[in-house]
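For what it's worth, my numbering labels the leading residue of the sequence shown as 20, then goes sequentially.
Because the hints were derived from the structure by calculation, they are not lab data.
Yeah, the Cβ is synthetic: ideal placement off N, Cα and C, and Gly gets one too.
Warning: the hint list may mix true and false statements.
Unchecked claim - Pair by pair, the computed Cβ-Cβ distance ranges are:
id: 1; residue 1: 46; residue 2: 153; range: 28 to 34 Å
id: 2; residue 1: 34; residue 2: 125; range: 26 to 32 Å
id: 3; residue 1: 132; residue 2: 36; range: 26 to 32 Å
id: 4; residue 1: 69; residue 2: 136; range: 16 to 22 Å
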Amino acid sequence: MGDRYDGRHRGKKKRTEEKWWPIPPDRRRLWCQVLLDFPPIWYGTFPMIHTRQRVLEGGHTNITEWADLAVRAEVAGFTPLTWLIFRQDLGRNTLVAEFPDHPEHRQKVMGNHGVERTIVDPEEFRAWPRLFAAGYRASEATWMILAGQVPEEFAW
Numbered sequence: 020m021g022d023r024y025d026g027r028h029r030g031k032k033k034r035t036e037e038k039w040w041p042i043p044p045d046r047r048r049l050w051c052q053v054l055l056d057f058p059p060i061w062y063g064t065f066p067m068i069h070t071r072q073r074v075l076e077g078g079h080t081n082i083t084e085w086a087d088l089a090v091r092a093e094v095a096g097f098t099p100l101t102w103l104i105f106r107q108d109l110g111r112n113t114l115v116a117e118f119p120d121h122p123e124h125r126q127k128v129m130g131n132h133g134v135e136r137t138i139v140d141p142e143e144f145r146a147w148p149r150l151f152a153a154g155y156r157a158s159e160a161t162w163m164i165l166a167g168q169v170p171e172e173f174a175w
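All chains should be modelled from the sequences, with the hints used to inform the complete structure.
This is the structure we're talking about:
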């Protein structure tokens, strides 16, 4: 029985590695720390508590949607810190009111207990990390993308 359990455990670890690849373990923890505030899907209070505990212990979650978002965000140029700054800025009520195409106005993803989450695709905002790195304020970079006024050199 011990061997079977160990075999399953190793398989789970491999699946975790595949989900998070190519993000190294130390950055996975940072992504989970950020995604606790901006989860791509809500699975409920207990998974959130478990994830928080894993982060406090130095680990990370195995939730597929979280790993997927982190990998996609990194491919788009975000780090955990820049994703946090971006998401905090994107949530400003003035932006939601000003831009009809703001993610808040789009279809939501439904989690457990009917909790809706806003879908924010990193690919749609891929110019943001480069604008921010070039010296644009976070609020300015977010506004430029929502307004469709990204300078040519930052557009992909």
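Any hints from earlier that this structure breaks? Give me their numbers in increasing order, please. 1
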